[in-house]
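*Asks:* Here is how the chains run, residue by residue.
Number of protein chains: 4
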Amino acid sequence: MASLNKKFPRLLPAPIRKGMRVDELIDTAFKAYNGARLAEACRLFTRKMIAGEGTVGMSLTGALTPAGLGKAAIVPLMKAGFVDWIISTGANLYHDLHYGLGMELFAGSPFLNDVDLRRDGVIRIYDVLFDYDVLLDTDAFVREVIQGPEFQRTMGTDEFHYLLGKYVHEREKRLGLKETSVLSAAYRYGVPIFTSSPGDSSIGMNIAAMSLRDSKLLVDVNRDVNQTAAIVYAAKSAGATSSVFILGGGSPKNFMLQTEPQIQEVMGIEERGHDYFLQCTDARPDTGGLSGATPGEAVSWGKIDPSNLPDCVVCYCDSTITLPLITAYALSQAKPRKLKRLYDKRDSQLEALRAQYYRHGKIEKIEHRTDLDATPKNKTKPPPTKRGRSGRSVVGTKRH
Amino acid sequence: MASLNKKFPRLLPAPIRKGMRVDELIDTAFKAYNGARLAEACRLFTRKMIAGEGTVGMSLTGALTPAGLGKAAIVPLMKAGFVDWIISTGANLYHDLHYGLGMELFAGSPFLNDVDLRRDGVIRIYDVLFDYDVLLDTDAFVREVIQGPEFQRTMGTDEFHYLLGKYVHEREKRLGLKETSVLSAAYRYGVPIFTSSPGDSSIGMNIAAMSLRDSKLLVDVNRDVNQTAAIVYAAKSAGATSSVFILGGGSPKNFMLQTEPQIQEVMGIEERGHDYFLQCTDARPDTGGLSGATPGEAVSWGKIDPSNLPDCVVCYCDSTITLPLITAYALSQAKPRKLKRLYDKRDSQLEALRAQYYRHGKIEKIEHRTDLDATPKNKTKPPPTKRGRSGRSVVGTKRH
Amino acid sequence: MASLNKKFPRLLPAPIRKGMRVDELIDTAFKAYNGARLAEACRLFTRKMIAGEGTVGMSLTGALTPAGLGKAAIVPLMKAGFVDWIISTGANLYHDLHYGLGMELFAGSPFLNDVDLRRDGVIRIYDVLFDYDVLLDTDAFVREVIQGPEFQRTMGTDEFHYLLGKYVHEREKRLGLKETSVLSAAYRYGVPIFTSSPGDSSIGMNIAAMSLRDSKLLVDVNRDVNQTAAIVYAAKSAGATSSVFILGGGSPKNFMLQTEPQIQEVMGIEERGHDYFLQCTDARPDTGGLSGATPGEAVSWGKIDPSNLPDCVVCYCDSTITLPLITAYALSQAKPRKLKRLYDKRDSQLEALRAQYYRHGKIEKIEHRTDLDATPKNKTKPPPTKRGRSGRSVVGTKRH
Amino acid sequence: MASLNKKFPRLLPAPIRKGMRVDELIDTAFKAYNGARLAEACRLFTRKMIAGEGTVGMSLTGALTPAGLGKAAIVPLMKAGFVDWIISTGANLYHDLHYGLGMELFAGSPFLNDVDLRRDGVIRIYDVLFDYDVLLDTDAFVREVIQGPEFQRTMGTDEFHYLLGKYVHEREKRLGLKETSVLSAAYRYGVPIFTSSPGDSSIGMNIAAMSLRDSKLLVDVNRDVNQTAAIVYAAKSAGATSSVFILGGGSPKNFMLQTEPQIQEVMGIEERGHDYFLQCTDARPDTGGLSGATPGEAVSWGKIDPSNLPDCVVCYCDSTITLPLITAYALSQAKPRKLKRLYDKRDSQLEALRAQYYRHGKIEKIEHRTDLDATPKNKTKPPPTKRGRSGRSVVGTKRH
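Protein chains in written order, with our numbering: chain L, 2 to 401; chain G, 2 to 401; chain D, 2 to 401; chain V, 2 to 401.
Wrong hints could be hidden among the right ones.
Which copy is meant is left open, so a pair is good if it fits within one copy or across any two.
[Stated by the list, open to error] DSS-like mimics (lysine-lysine), calculated; alpha carbons at most 25 Å apart, straight line:
(1) Lys7 to Lys49
(2) Lys19 to Lys49
(3) Lys7 to Lys19
(4) Lys19 to Lys363
(5) Lys366 to Lys174
Source of the hints: derived by calculation from the structure; they are not laboratory data.
All values reported here derive from a predicted model rather than from experimental measurement.
Could you put the whole structure together from the sequences, leaning on the hints where they help?
*Replies:* This is the structure:
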């Protein structure tokens, strides 16, 4: 009992005052429940995830770009070097185009009559409204762009988004816009953006329709799986941390987390899981879905390094509240980092992973690694060259 | 279509920057979904609820005082004159005593072993921890205080909490503490605090046990029901607004909202419902409970003036996140108000209501008011003396 | 690993077939997540809570009686002797009156326009609709009844509801209705019904208004607190189990759980907490509120016997789904029990508790019991006469 | 007011009785809130979606097959001809393999220590447990199978799953298993199964790793997008209904709903949206994500025919509860339907869509259809040959 004050900080906030800064308020008054989780998330992100050379992946689900969070938060985070790679739903990237192309979205209301809206040609995403022509014009832009010769082949979604982002960036410049679009910023800052469900969005729909004509564009899903694993492997094999910042859940969450099992098990390369885990979601664990699965459960799969569980935070709160707060906190308390420009390293990182895979991987059943967790993490990891050296195995973990 | 830009603001946030103030960030980047609701809540509270002479009632559920939000947010709001009366669960007031009595609570973790905690005498409220003695000492304080002669009678909970708050305030002074306790602040600032479930907390439990000895203290539930209605009636009959700021839901939410039907129907006095409605909750409407019932539904009951539905905001988010943000926003953008000291007016306000009730109320079935909503609200209400003057009735609304 | 099949049942459900009975389907196909929790709830209730002589308390929150669950489920459970005492919100009892008085409620829709409804005199509870006159007539009934001489005094809510239930039962008979009302059934079957927030409902509002006239009716909150503790103490001191079946959360949940700390700590009588805990709710623990607090957390407070944690089930699901399923399961798999008629024993049970309290309780600070959990529960408890006999204390636990 | 009884059924359930059948209980006692939604879902599915020749698509998210719901519910629904095509997460199909390959999963607990589980080689999905070797053996099976010559090419996921299902079915037969696997049943019954995120699962991970060796297998995302649209178009152009049964939300929900905009807008073929919409989810609309987006919002996008909004049901409840109940209800109240074997028609359906697209589609911006909703749906639709025949456009709607 007496030991409580040795183990835990006293909970005695200062009174909230006029004119407080965001980071000051969070450090002062967010002391329990999801408020405390949000404060922990801010500190985890600022003091650990973006500290040093760590690689930070962000996954985007929920209609964040329609809500303006691309321009408000995600682009500033990319620009500051705080987000190194992204996995997004297609919808977030499709709606990001509206901003990059200078189209207008409106802050409306969720209580409008949808039959009337349909009649009037108004599209609704909860309380975000825009004109039907926003869709038609965006579609036309996508179809026009992907007819270009550089798109007439099979490619990963990171490459596709990079090429698309270039066109968005050009359009932005022509329109006198700056920093409005995630795709454009990703192109400029060399941040690879993947989509785990490439057919599932208006972008994918237009690509698919054009493929019924003479388009040769096809997404190379296999490359995406291996490329994302290569990014994580590059970070870890260099002795740096790999962090995940998950907004929402869904397929992008799993796609981001499965990089570790892909390395460890499917490829047979010794590894221990992501270092830092930060999720903002409203999905609770009890329904069994991966969206709400806890970092603890991810440990049982080897997705998360068990010695890092204390550095895992889940905040149950809408991303439209948490993301601006975390962004403001991080920008206020941390200096911008040098951009990693991971996009420029895509071929070399994939090659490095492939080489390790050839050294350790097998096609038949991989044996169960017997020395699992034999060496509790002591932050002075064995040098990468000593990893998984035994011919016989090497696996560590798993995934959905 | 073209009309979207006439009806709704464009959704084009500025990028989040280093060092932003809380109110600045909220006005800049909270544009959609619950983020937008939170921004609307901040503006509704700051620009309408506490504008002018409006009376603001706050209901507290969820373990807010253990989380430090009494000291951090509720006391500053009371001190600034932004909260005029309160309905709280007993638990929030019981745990508020710990702060006022200088006891220690700790910011712990929700992932501890409860069997171990029980063995070690540690009490847990999600991630808030404290020593078992905190409870025993608080209990002893309550039992000691309520043996005083001023407690040997039947009284409303506002009076009980006022008398209790006086002792807390004295203890605070002796300990050199300032502004730590809601009960103490309520005593100082004349803010009446009611409990809708007076037996349901450690305070009520100690009162009940003492009543098995020779204590004469008994809560006058009837007085509470009528007194809360009297506060609302005083505001409305003076031509001012009545607002509700609901944290969580539960019994305090209903108790706060039922004031209007109590006036209109049970007492037969013409009225139109609360003016402004602000709720932060995680209870969704679809399960049918009152905690998640929408302001729209409250309109069907006459609890909310239908012409004010646009001024009703529900933000689905943990109060440990929303309350500090709304508090910081309001303190930053509004000047302190003159304290209403409603506690000092409790007898006169109740008398005023009783007089109106005698004039209009009936015991038998009250007839259905036929001119319901005949005069759409035009903000120049009929003078109070003309209200419900007909002998035959006058009622308008209902409640759970 | 190989040991999984020794510790856990294999998860291999049979295919769902045409014509399956409710209990059969639940035992066959509810194998994981909230489905499994619901199956566990059914079995916990049927095989443990209502097995033998155990006393079962049920708490009601959410608008269950408007949804028809009084008639459909709660009355059948009372009649079968499966629910021995009840803590309800006032709203559930007020709306129960509509059924007992033969009034009409309708299965409507949640998507109606509330301003129109208000204009047309229609009241809405999510998708339940009824006429404004249902309220006016119910109010008139309450006001008429409580003018009777037997109501002109201070009394516990169990007594009040019993007296009210008698009138409802008479009205039912006159109307040729049977088994429609919880209040009426409680009167017939001797099931005490308490309200933890007696002023908070239309019943309380009418009582309060009448108290401004010449009514002498006042709720004795202290009696309710002690009486509920007496029911639990009677069960435990007789060597039987005490179970809680919590629908929703809120004040009734806490009021039901606080009986144990009231016995153990405030009264100083040695006890170990409720035996079985079953809750159906949509409130998650992470927001810190008591509604979503886990049985584990309740252990740290002594509300739940730690050796019984495996017998605690929380199912996150709307009560309108779980309650009919649990009811059908229990009625199908268990025989009716002899009615306990706890109402008839209210005075003797309270006296027994008071006597123990006089023997063990103190007014000053109760010392921390040093032998807490010294004797791990072995189901052969020490005889009640040996409990807490030492002058020096005896306490065990706590509450909000 | 008096009109309530003309518009809505009276809410007066019968008492629940011993031995009730599932469908009987649902029709008797599920009268309000999510209980009523579940009853409506049962009736919508049974009386409208599977009535006549309607085509029913089901989307699967959340870990349903690990929970045993493949064998318990999905296979029986496919066998009865009640589900004609499926969009699933990869995880549901990967874990379905365990059942088809005769491996063991266990009904465990969510409260185990994950660090211990990892050490012991136990994998956890909330409360479902299985041995690490289950993963290794399943992986080896996938890698072995996809080395076959029929897999050495680019193909849609429906074809991939069909080919894979054949191997599962053979393994089932060899093991003496029957009806345990969704993939096997899909192969037998000709039910096409798509995955919207083909790289996102252990199946996709193994395919990707093998592609680093000499495997030629690549998913044709474009074909999936067009093929799913072709299934819907085939139903609608034949004058039959198209229904969606959505379990959870996520990418599969959007992928299923986007078929209509793909037809209408991207391909320029006149259409009006899906006819019946049934979703079981815990995602609420207010967070803005598509998982919780309402059928109303889908109307504004043209995904749902506005004249069918009354036939759209969303039940907020865990699928582990709703799916067994809906399955039992449907099997009890409807006769099996003739299997559609849509898989066998995949080429002809795609050709039919492509032909219409060539007739109506454009690459440039498609004009806004001016006669949108000119002809309110009167259930006697214009003959398909007259649809969208004008050269100039024809589009109607949209998607994320």
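*Asks:* So, for every hint listed, does it hold in this structure?
*Replies:* Structure-based check of each hint:
1. In this assembly of identical chains, lysine 7 and lysine 49 lie within 25 Å of each other by CA distance solely inside one copy; the values are 23 Å within and 42 Å between copies.
2. Taking identical chains as interchangeable, the C-alpha atoms of lysine 19 and lysine 49 lie at most 25 Å apart only when they sit on different chains, with a minimum of 19 Å there against 30 Å within one chain.
3. Taking the shortest alpha-carbon separations for lysine 7 and lysine 19, neither the intra-copy value of 33 Å nor the inter-copy value of 34 Å comes in at or below 25 Å.
4. For a Cα distance limit of 25 Å, the shortest separation of lysine 19 from lysine 363 qualifies neither inside one copy, at 63 Å, nor across copies, at 47 Å.
5. Taking the shortest Cα distances, lysine 366 and lysine 174 sit within 25 Å of each other only across copies (22 Å), while inside one copy they are farther apart (53 Å).
Hints 3 and 4, counting from the list given before, are not met by this structure.
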